[in-house]
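Q: Listed below are the residues making up each chain.
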Amino acid sequence: MRQARWALAAWPVAALLLAGCGIRETDVIEAGGPATVEHFSRNGVDSLLFYRLPHGELTPVSRPLGTEGQFGSSYQTRPASTEKVIAALFSGPSQAEKGAGLTTSLPRITSGTVRLLPRKPGAEPGGISLSVPVAVRDLAETATQQLVCTAAYSAVGDGSVRVQLVGQDGETAFGTCRLSIPAGDE
Amino acid sequence: MPRVLLIEDDPAVREGVELGLRRRGHDVRSAATGEAGLAALDDFRPDLLLLDLMLPGMNGVQVCRRVREDSQLPIIMLTARGDDFDMIVGLEAGADDYIVKPARPDVIEARIRAVLRRIEFTGADRPTVETHGDLTVDRAGLTVTKAGQRIALAPSELKLLLHLTAAPDQVFSRQQLLEHVWEHSYHADARLVDACVRRLRNKIEDDSGAPRYVQTLRGFGYRFGPL
Amino acid sequence: MRAFGLRTRLVLAFLLVAVVGAGTTAALTYREARTALLKTAQDTAVSSFREQVQLNTFTFPSDVGNLEANLRDIARKGKPRPWIVFAEYGTLRASSGTSPVSGVITPGLRRAALSNPRGAFERVVKDGVPYLTIAMPTVFRAGQHSALPLGLVVYAVMRMSDEQINVDALLTAARDGALPGLAVALLPGLLAARSVLRPVRELHRAARSMGSGKLDTRIEVRGKDELADLAHTFNESAANLEHSVKELRRAEARARRFASDVSHELRTPLAGMLAVTEVLDEDAGHLDSDTARAVRLISAETGKLAVLVEDLIEISRFDARAAELNTDELDAAEAIRKTLVNRHWTDGRIVPELPEGIRVRLDPRRFDVVVANLVGNALRHGAAPVAVRLRSETGSDGTPVLITEVADSGPGIAPDVLPHIFDRFYKADAARTRSAGSGLGLAIAAENVRLHGGRIRAGNRPEGGAVFTVEIPLFTEGATE
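Residue numbers (this note's numbering), protein chains in the order written: chain A, 1 to 186; chain B, 187 to 413; chain C, 414 to 894.
In silico negatives: residues of chain A with every beta carbon more than 12 Å from chain C: (1) L65; (2) P118; (3) R119; (4) P133; (5) A143; (6) V166; (7) G167; (8) Q168; (9) E171; (10) A173.
So, partial list: chain C residues that the calculated Cβ filter (under 10 Å) puts toward chain A: (11) F471; (12) T504; (13) V537; (14) P550; (15) A555; (16) A560; (17) L563.
Simulated from the structure, these hints should not be mistaken for laboratory data. Backbone N, C-alpha and C define an ideal beta-carbon position, used for all residues, glycine too.
Sequences are here, hints too, so could you generate the full structure?
A: Take a look at the structure:
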């Protein structure tokens with residue numbers, strides 16, 4: 001009887017000890033910022049174009065659209081113009097990019113030009129207006145963002161500039177590239 | 187036959203002892219109290235006093251002291267065994283011997299005879315008068331003088347002194363003294379001897395604390411001298 | 414459990430309580446420690462993974478070949494544990510292992526990584542094996558303050574072998590949980606054991622003290638617990654016992670005093686009667702035969718009565734511890750010889766073997782009583798010849814003793830009688846209502862020997878006959894100074 005009582009008393013202890021064993025599953029737990037990686041691109045030569053990933057988010061790809069300076073020559077390295085970059089965007093993802101599942105939301109155009117419009121008087125300072133050969137009012141949000149982001153990053157390195165699209169059916173309000181996130185300190 | 191005065195308060199004992207002794211030929215007078223006994227002394231002139239220690243009124247020890255004040259009458263205490271303290275006090279007061287009650291008449295008579303018996307004067311070649319230091323002992327006249335002064339000794343004291351001086355320097359054990367001086371058994375109470383020695387010393391020694399005549403040999407006994 | 418003492422049991426019990434307490438603390442500590450260790454391991458893994466990813470340069474759009482090269486590089490540097498690295502970019506799937514897609518990464522983690530460009534991890538248990546899966550979305554710095562998500566998510570799948578974590582957690586638990594817990598539990602445990610054992614010890618001491626005769630022993634009652642009850646009960650029982658014993662002693666004392674008083678009262682009339690027995694004996698011859706016989710009977714019985722009363726008084730003096738020893742130094746052989754002579758035991762019935770020269774200090778009268786009673790007893794109950802031997806020996810305690818032996822040639826003492834041989838009025842033969850002696854002879858002899866600090870034994874000789882042995886310390890040295 002005595003032993004039985006001791007055993008009884010020892011049970012909770014054993015249970016408590018055993019309960020702590022084993023690693024259990026957890027939910028998804030956020031832990032710190034993303035990995036800030038180096039982008040294999042040649043500054044001034046490569047331009048960023050934004051295409052759509054399968055799940056719908058936009059992602060930048062780099063294209064060597066600028067003019068590469070020759071070593072020893074006076075020919076300077078010159079980045080591609082916004083017009084050129086936007087035109088490249090309209091032409092859709094490359095073969096390699098398609099292989100990675102990237103798509104574009106922009107309509108395919110066959111004619112027309114892309115133009116950077118001069119700044120109107122009284123307009124927002126630090127904003128650019130871009131004339132594109134498509135109807136901008138009915139463009140999908142993703143398509144608008146493709147244009148805004150590509151234009152913004154083409155115009156300014158950090159893509160912080162505000163962009164107004166001017167299309168065949170009128171103009172949009174100035175918008176920013178919503179893809180950029182504050183840079184972490186890491 | 188000796189004349190015996192019996193002082194005993196208990197009527198049965200008094201009558202029984204009186205009867206037993208008279209039957210043996212003793213002239214017995216008895217008294218129930220110490221006062222009555224003392225009063226009978228002059229009239230009866232006994233040879234021996236049988237004295238019960240436990241008496242109403244004047245007790246046996248007091249009677250004993252009173253008698254010793256002016257007399258060397260032989261005194262035998264009647265005592266019960268175990269009444270040690272009374273017995274010692276009685277012996278210190280001057281009693282010569284004791285009898286433990288209850289006792290048969292033959293035992294009592296033997297005691298009486300022993301106390302009354304004189305030390306035999308043996309050896310005709312010895313002088314009857316001997317001098318030991320200041321002490322002069324007359325064996326024939328039974329007198330002892332110290333520096334010419336006569337010393338009154340009770341019968342037991344005198345007998346003890348005579349016994350010891352008969353063989354100066356010889357050690358006697360207390361058992362031997364009990365047997366020879368008191369005619370007691372070997373196993374009798376040796377305090378009888380010790381009490382008698384103390385009394386004797388008080389009378390003959392200059393300093394009873396450092397005795398010169400009757401000396402003690404611890405573990406062995408007593409001896410007379412050497413001076 | 415009976416095999417252990419109370420102390421051991423108490424300490425064991427407290428130890429068990431201490432172990433349980435410490436175990437519980439340890440278990441809790443263990444859980445905490447394990448959680449903390451897991452978190453540390455995960456955080457380390459996540460940040461280490463991020464670092465490794467950041468060391469790589471990616472091309473966009475990526476191709477599988479480039480990605481796999483990058484991933485293998487990351488996998489090689491797996492810390493703190495090896496991991497398999499996967500990359501997902503658009504529809505591209507690449508890994509550092511054999512399968513390009515992991516079966517462990519959950520859709521939830523993918524969704525989180527794609528929708529929110531922040532590092533995330535998830536613990537997954539698959540087939541009983543725990544895995545840590547880490548999702549690390551990549552961004553690149555586009556300017557001073559902004560970054561662009563690249564759409565490339567790098568995953569790491571790490572098998573979590575929990576042994577190390579468990580060992581570490583156990584060590585932590587033992588160090589931070591069990592040991593302090595044990596110490597914290599053991600100290601009050603020992604104190605409690607002491608507080609329980611102290612009254613028990615007191616009880617033990619008190620019981621022993623009671624046993625040794627101190628019946629007034631009491632215990633101080635502290636508090637109101639079971640031990641206090643026990644102490645209280647002990648005190649009550651002790652009080653009752655003391656009362657009963659006192660009552661018994663009083664009763665015994667009364668009985669003894671009564672016997673003593675009766676004896677003393679008898680002594681005086683006996684003294685008178687004894688004085689006249691001689692008269693009766695002498696005159697009996699002149700009386701007619703019936704009267705003569707009656708008179709002689711009275712005379713004889715009076716003598717016996719006197720002896721009996723004297724013996725009773727003697728015994729009551731021993732009982733009252735009033736018996737005194739009046740010692741004298743003498744020759745033992747002479748003392749015994751005198752005893753025999755005085756009793757007229759000088760015929761051939763007694764065979765004395767008494768070596769001379771043994772000096773002994775004793776009470777001659779009492780020694781005489783001892784020898785006389787023993788020899789008298791031997792003559793009455795045993796048979797002649799009775800040997801009386803004397804010798805000195807070194808006693809069991811190393812002091813010299815005088816040995817007196819009285820051995821008869823009778824039938825010996827029956828075994829059932831032996832233990833009672835020194836009892837008062839003990840009748841060896843139930844049919845014999847009165848012995849020739851008082852029935853107190855051996856009891857008085859024994860008391861006298863005891864008064865001398867000696868011992869008396871009764872037994873039977875192998876060759877037949879009873880033997881009484883008396884041992885009395887010699888004390889010669891102190892006497893001959």
